[in-house]
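These are the residues of each chain, in order.
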Amino acid sequence: MKDSFHSSQPIYRQLADRINRQILRGELKPNDKLPSVRDMAIQSNVNPNTVQRTYRELEGISIVETRRGQGTFVTENKEVLSELREYLKKEEISRFVERMHEMGYNGKEIQFGVTAFLRDEKGDTEQ
Amino acid sequence: MTAWLNLTKKELRLGLPAFIMPIVAFFIIVAISAYFGNRYGFLGETITAVAFAATAIQVFYLVYYFIHSLSTEKKKMHLWLHNPMPAYKLILAKLVAAITTMAVTFIITGTTFLLALNSTKIIPIEIPWTYVMELGFLGSIHLLLLAINLAVLFLFFWMIFLLFTRTLGNFASFALSFLLFMVLNGFLYGWVTSSALYDTLTMWGSINLGDILSSASVNFNLEMGADITGETSELIIYLGTYLFDAIQTVILFFASCWILDRKVEV
Amino acid sequence: MIKLNRVTKMYMRNRALYDVDLELTKGKIIGIVGPNGSGKSTILKIIAGLTHPSKGNVTVNEVKVDRLIANQVSYLSELDEYYGFYNVGQTIDFFATQFQDFNKEKAEEIRKFMKLDRDSKLKHLSKGNRGRLKIVLTLSREVPVILMDEPLSGLDPMVRDSIVKGLISFIDLENQIILITTHEIKEIEMILDEVIAIKDGDIIGHHNVDDLRSEKNMGIVEWMTEIYR
Numbered sequence: 011m012k013d014s015f016h017s018s019q020p021i022y023r024q025l026a027d028r029i030n031r032q033i034l035r036g037e038l039k040p041n042d043k044l045p046s047v048r049d050m051a052i053q054s055n056v057n058p059n060t061v062q063r064t065y066r067e068l069e070g071i072s073i074v075e076t077r078r079g080q081g082t083f084v085t086e087n088k089e090v091l092s093e094l095r096e097y098l099k100k101e102e103i104s105r106f107v108e109r110m111h112e113m114g115y116n117g118k119e120i121q122f123g124v125t126a127f128l129r130d131e132k133g134d135t136e137q
Numbered sequence: 016m017t018a019w020l021n022l023t024k025k026e027l028r029l030g031l032p033a034f035i036m037p038i039v040a041f042f043i044i045v046a047i048s049a050y051f052g053n054r055y056g057f058l059g060e061t062i063t064a065v066a067f068a069a070t071a072i073q074v075f076y077l078v079y080y081f082i083h084s085l086s087t088e089k090k091k092m093h094l095w096l097h098n099p100m101p102a103y104k105l106i107l108a109k110l111v112a113a114i115t116t117m118a119v120t121f122i123i124t125g126t127t128f129l130l131a132l133n134s135t136k137i138i139p140i141e142i143p144w145t146y147v148m149e150l151g152f153l154g155s156i157h158l159l160l161l162a163i164n165l166a167v168l169f170l171f172f173w174m175i176f177l178l179f180t181r182t183l184g185n186f187a188s189f190a191l192s193f194l195l196f197m198v199l200n201g202f203l204y205g206w207v208t209s210s211a212l213y214d215t216l217t218m219w220g221s222i223n224l225g226d227i228l229s230s231a232s233v234n235f236n237l238e239m240g241a242d243i244t245g246e247t248s249e250l251i252i253y254l255g256t257y258l259f260d261a262i263q264t265v266i267l268f269f270a271s272c273w274i275l276d277r278k279v280e281v
Numbered sequence: 016m017i018k019l020n021r022v023t024k025m026y027m028r029n030r031a032l033y034d035v036d037l038e039l040t041k042g043k044i045i046g047i048v049g050p051n052g053s054g055k056s057t058i059l060k061i062i063a064g065l066t067h068p069s070k071g072n073v074t075v076n077e078v079k080v081d082r083l084i085a086n087q088v089s090y091l092s093e094l095d096e097y098y099g100f101y102n103v104g105q106t107i108d109f110f111a112t113q114f115q116d117f118n119k120e121k122a123e124e125i126r127k128f129m130k131l132d133r134d135s136k137l138k139h140l141s142k143g144n145r146g147r148l149k150i151v152l153t154l155s156r157e158v159p160v161i162l163m164d165e166p167l168s169g170l171d172p173m174v175r176d177s178i179v180k181g182l183i184s185f186i187d188l189e190n191q192i193i194l195i196t197t198h199e200i201k202e203i204e205m206i207l208d209e210v211i212a213i214k215d216g217d218i219i220g221h222h223n224v225d226d227l228r229s230e231k232n233m234g235i236v237e238w239m240t241e242i243y244r
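Protein chains in written order, with our numbering: chain X, 11 to 137; chain A, 16 to 281; chain B, 16 to 244.
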């Protein structure tokens, strides 16, 4: 898990991203307690200040909430979580589409390609 | 205070090799000389001479101890100096450790000397032991005072040496410090002590050591005759010189502390 | 918290630092990077009061720095020298007697974390374990300023990792400031808040690491290759 930070983005944002993905994957469930700032720092080999900032950012978009004296928890608010799900989907797609455009594929081609890919993948899994 | 005591304990531990070596050497030399002395029938005399020399040479004991302690520390200056205690406490810890160690060594060689002396007929039977002991006591005090004086003198020039090592190599720094020592000590000190001002400053509070010792020596004077009386009764010392040396030692001590606190670098 | 005001340090004709101004606030881990002989160590020694500036002045918590600042500063030397007659436990105990702010329980905790045996003789300690012991001694003090001169240099990756982990686990960022000089940036990059680059006794860059990433899209290594070119 460590050493996988890349250098073009602040670490606190990369860490926030990681936590978001863990939530989507279900590794972190609603109302789960996040590790303490120090534990998280040790786990991911980053500065505790960075973790602090990550938690603050996540709190800012209501994905986590800090309960005084207890720690930081994943929100139970379904709406926020589905928003997160939607947001990350869009983000990933836009990144993908942007790169496809860069390589010269147009919208139609991308759409086709994706549909075909999904159909093949489905076929593979059904075999 | 506990911090300082623990530091002193560390200094004692640091100086352990310096403590053990002379004692081991002393016993070896005593053993060897006893062997040869015995062959020629001078066992007591030989040991007396060896033990006396070993005791007298301890006027340099503190300097020797400091050389060992400070040169060991020189490799770890960041450890020694990274400490919230002021320099005088750091150095005092070393000095106390050194004096403690010296006391033990001194007692060992001194006792050997007295025992060996007692076994011989060097001292005429007419001279009472109390006289010998008093003389020994006075001698020991002077030896310790002189040893401290020399140790502080050494300390001061060690600090000068440390200042030189900031910019020069070890050898050049040593040579320069030594040169400075020769100039300051040989020339300046000699000039000061031979001046008339020095005499007027220090020639007061005369004490006749002969008087102090006279109570013990009265009956022995009666029996031994006048020539020895003359020797002992004119042993005059001046309190002024003691004060002068004490002040000089204190000034050098605090000058060394000041250098260590303000100028010496890691 | 730490202030250097126009500090110059000369060794004979060589200048180790030239007209350095620096102000650092608490709650941060700050890396000082630069080639050997660029003045990194000198900065730390000057803040620790173990070397004196030729010009300019230095304060820690508004106090003018001299050697006695040791009561506010925990300094880890790059030198690998300890009292060889002590074992690990005795060394820790000795340090505990010398510094009032030394937390013995914390020392025990760090020692266990670093997997050091109390009874090992210092003479027989491997280089890696001596590096770990240094961390125990330096971080066990509850002082406002921690200075570490090359804590990772010459150590193998496993030891470096345990030291970095130890740093994260045992520093108290609410009350402390940590200055680390290093040329092993990779290991330590993730834990730095700020980075200061120096060259020939001059500070040639001083950045918040996050800003460096978000504004210039650069990690410390990329940034260094750019400024030292």
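Derived from the structure by calculation, the hints contain no laboratory data.
Owing to the predicted nature of the structure, the values given are computational and were not obtained by experimental measurement.
Each residue gets a CB set at the ideal place from its N, CA and C atoms; glycine is no exception.
One or more of the hints may lead you astray.
To be verified - With beta-carbon atoms standing in for the labels, derived distance ranges:
no., chain 1, residue 1, chain 2, residue 2, range
1, A, 189, B, 201, 27 to 37 Å
2, A, 195, B, 240, 34 to 44 Å
3, X, 28, A, 278, 46 to 56 Å
As the list claims (entries may be wrong) - In silico lysine-lysine, DSS-like type, Cα no more than 25 Å apart, as pairs:
no., chain 1, residue 1, chain 2, residue 2
4, A, 89, B, 119
5, B, 127, B, 142
6, A, 91, B, 119
7, A, 89, B, 136
8, B, 119, A, 278
9, A, 91, B, 138
10, A, 104, B, 119
11, A, 104, B, 79
12, B, 142, A, 89
13, A, 90, B, 136
14, A, 278, B, 18
15, B, 180, X, 43
16, A, 91, B, 136
17, A, 278, B, 180
Hint check, failures only:
Those not satisfied are hints 1, 2, 4, 8, 17.
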